[in-house]
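Going down the list, the protein sequences come from chains X, R and S.
Heads up: the first sequence begins at 2 in the working numbering, then just goes up one per residue.
Heads up: the second sequence begins at 456 in the working numbering, then just goes up one per residue.
Heads up: the third sequence begins at 95 in the working numbering, then just goes up one per residue.
Please keep in mind that the hints were generated in silico from the structure rather than gathered at the bench.
Please note that the accuracy of each hint is not assured.
Straight-line C-alpha distance at most 30 Å; calculated DSS-like pairs for lysine-lysine [as the list claims (entries may be wrong)]:
id : chain 1 : residue 1 : chain 2 : residue 2
1  : S       : K384      : S       : K436
2  : S       : K434      : X       : K48
3  : S       : K436      : X       : K48
4  : X       : K48       : S       : K496
5  : S       : K298      : S       : K377
6  : X       : K48       : S       : K497
7  : S       : K134      : X       : K48
8  : X       : K48       : X       : K86
9  : X       : K86       : S       : K443
10 : X       : K86       : S       : K137
11 : S       : K377      : S       : K497
12 : X       : K48       : S       : K377
13 : X       : K86       : S       : K252
14 : S       : K184      : S       : K274
15 : X       : K48       : S       : K605
16 : S       : K298      : X       : K86
17 : S       : K384      : X       : K86
18 : S       : K252      : S       : K281
19 : S       : K377      : X       : K86
20 : X       : K48       : S       : K252
21 : X       : K48       : S       : K271
22 : S       : K605      : S       : K134
From a predicted model like this one, the values you see are computed outputs, not experimental measurements.
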Amino acid sequence: MIRFISVRILQLIPLGFGITVVMFFLIRIVPGDPAKMALGVWATPEKVARLRADWGLDRPLWDQYLTFLNQLFHGDLGYSYFYRKPAAEIVLERLPPELFLIAYALALTILVGVTLGVVAALRRERLPDHLIRGVMMAGLSLPAYWMGIILLLFFGLWLRILPVGGYGDSFPDHLLSLFLPALTIALGMAPLVIRALRASLIETLQADHVDMARSKGLPQFVVLVRHVIRPALIPTVTVLGINIGLLIGSTLIIESVFAIPGLGNLMVSAVSSRDFPVVQAVTLNFAVLVVAINLLTDVVVAYLDPRARQAMLA
Amino acid sequence: MSVDVAGQPTLWLARSRVRIGALPGSLVLGLSITALTVAVALLGPHLLRQDPIEMNLHRTLLPPGQGHVLGTDNFGRDVFSRIVSGTSIDLQFGLFCVLPTFVTGTLLGAVAGLNRWFDAVLMRVLDLVVAFPFYVVIIAIIAVLGPGVTNMYIAVMVWGWASYSRVVRNEVLVVKGLDYISAATVLGLPTLRVMFKHLLPNVIVQPLVLATTNFTAYVLLGSALGFLGLGVQPPTPEWGVMIGEGRDFLGQAPWISIFPGLAILTVCSGWILLGDGLSDLLRPEISRK
Amino acid sequence: MDLRRPGFAAALLAAVMGLSACAGGGPTTTNQAGGACPNKGGKLTFARTADVSNWATQANNPTIWAWPLVNLPLVRNNKDASGLDAAAAKSWETSSDYRTFTFHLRDGLKFSNGAPITSADAVDSFQSAMADPGYAGNFPDGTVFSAPDARTFVIKLKDPQPAFVENLLSQVGIYPKGSKFADMYTKPLSSGPFILADWQKGVKAVLKRNPNYWNQPYPCLDEVDLVVVGDSNTQSLQVQAGQVDIAEEIPPSQIASLKSASGVTVPTFPTLAMSLIRLQKTKQPAFQDKNVRLAMNYAIDKEAIIKTVLFGVGAPVNSVLPRTKFWDKSNSPYPYDVAKAKQLMAQSKYPNGFKTTVLTASGDSVENGIATVVKQQLAVIGIDVTIQQVEAGTKFQLRNDKKYEMFMTNTSADQIDPEVFFWFCCAEGYNIGSAWTDYHNQQVDDVFAQIQKEGDPTKRAALFKQEQDLTWADAPDLYINFIDATLAIRSNVKGFILPPTRHHYLEFVYKT
């Protein structure tokens, strides 16, 4: 298992390389000159040219790429055009709120998703099941930004029990401020978990080995946990893993609506101002996050399912 | 029924013949809703009495009633007409996004499950694709190609196949170790035949369910892009854009956002029920509940 | 202006004396509210949609508006944008040939760290600004700065420029001699009303009162927090909940509900900005035809747009100039006259109309709202417009490359004197072809050449009137509305003023 993990971590290197290549060229294809944008409307062509030279933008593309790679190997992610400080520093500043939000959202997703999924499967075709499936459709069908504003209106303005956006200054503040954004994300992701879990639980519940366990006289709860939930978690974790990219992507809009100083917000403003170094740095971060979480889900799946473990390690 | 060596359930491999008894309720409901949606999309625009695009700047923000069943928006346009006209647009989003990605992703995933070398390559490509923030990819593609729906489809194609591949590949990995698949391979059956006749029907359930979920997601993606202004261009009546436009008026005219939201809810529920029903149908015989 | 304030008489006297200095120049009316803080202390939280890019140069709007909070210029725009007020310089003179400008610094001026400010600091600051690559100012070549004594600072131009002081001097800050200009981007050391105590880029800037500020007893507040809240709907909610004191950008659609919320006021302020649609005359030859342009202007119902999209905030444009000095108030906007528009189209080279596209910024509901109405109304006279939303940065680039036909935008003047603005919009300034539209009118250019040399205010006014008449008859672009800024302010926040240039002069604000 350790070897499996270390192999995957090593594979991160070519992946990171691949991502930086694509990102590097992708952001430069998009029209928009960062120097002109930084200098504003009254920029004379001479000033623009001088700034471009300062930032190395006037050299051929492959030359710029090699410089970038060289810097990367030395751990230098470049210097932000907009903020005029190292891109790595800016990304690090924004990382804690981002991680907090993602962890919070995942926790709420799992909490809501697993609970409702189990209930729906156990009470299949009866009222709780139908209710849960109704809620699930609602969660899947409503846009996050709209939901966010409604929640803000309700809890922030009418009830005044939660802050209206922002991040807060202390840990309890963070918990309060990030609850609504995390909930908004969770309401969109939990239905995926509920569906996968419910479908797979129903299959497993009716499987023979479960009947066998029941007929052996094992208590319902033990049957549930050991023989039903454990195998049923596999597609759940897989679904979460697949959609982690979606979760991270959704932080972009959520952070805008709720004014959270995370990576998502940073990405949006960096793309707008064509701050190439910051865009590259944030992309790298997102990539590492996604890969790390994917690795985590693969490990969990391998732990839960001996067959998949065999297949993966083969 | 049989129990394999590990005590885990075998999947319904030997039972590929489905007993047509009563169809699952969700399937029926899902089919009905979807059929209704298609009917509205095809026939609705011809039966409308008011123009969905025509503005009437003296009759803005009217609540439902008074000749406008669902009220008017901030340009005085009839909300009901806009919802009906928008039906076909959102259906198209869902279909044109889901079909190609589903087919491509499933095939690629199946091959990956069967062929170790291809698997290694595909998984790395998958990691790469999925690791990219979708927003940036979309911006880049649309900035280069220009805004509009066709380019949105292109951007989705580049990214959307990934989730199917991974699901299918995982399922295939689990299933292929099973006896009868190995038996089929030992018997010398060609890989393709194994794939299409024996493998796919058994691994198709999860991706199908995923497809119906993604249908909704793509409709919402169209709306998110509309929110960012990168999808459908005004004044085309697309439901997601209508919700976004109505966001400014939640206090004074909530009907502008609520009704398109209900429309999305209905149509997407139809598809999800359809998916659930199909998955119920294609599951194994269950002799007792 | 409150006549009962004690400082008024003195200020008036100073203004009169200033006016009599040689060849004009010197302080006009003051914006010092009269010298007392009804309530001293407290913290103000100010929500803005974007952060400054840096604290020294003025590249974009959020930066321009916040710049006066920590920087000390020689002069600054007064609160009506009708003239200049003294800042670091208590008075100044312009030579009769409009080439030499002499500034007299106040006595007792200190940097925020207590060090005294002398004219040597001014010389150094201006030289560094001129040399800095990130600073896109308008210093002409050959400008010389000198300090004949510690309290006198002189600028000498090679060529005459009557509006030099008004156009530029409010944008350059004074920093200690020897400081690196690039350091001022992130840690400005000047002497504005506040000091930049902490700056989390893109999130929050904490400003604390500067005890050495020249305009005592101001500022009234102890601290100002500028927080970045990108979504204007969220800003609106935060003001209502009391989480922020001032929200800078309120969507027009929210005005009604905010007005009815308790504890919130919704003032509107006139600005030097206007909304318009630029017409690229090379990419779309139809726009070279004056009849087409006039027809388009007559076909748009501006009042309806203001009512539906802007909820009544704003007024129809009646000039190519925004409401700066020399703006011709008496000119009439193009009336909404579809019959006349059709007639003009019939007389043009395109009687059957044509197809075109308009670029708007994605996600901007006001821009798209206006474009939607314009599309419908131009269709009536045979012009088929397709709306294309593009991402903001891309839109900017397309405009610079002149790859557009119609371009929905708003434009504003940052100086009181409209010379630079006019040069940019209509007299082919900066060699970009009249704001990238390729509008060319030789008569307009000729009159403009006279303006650049004319220092006498009455004559300048006459020349600008002539320019406005010429351009208005020509309709270079499609004009919509003058923009009024709408902010949401908690009722316990007093003394807030927003000059038309939108600079944040928060020194007079106090809380009850």
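Query raised in the report: Of the hints given before, which are not true for this structure?
Result: 2, 3, 5, 7, 9, 13, 15, 17, 18, 19
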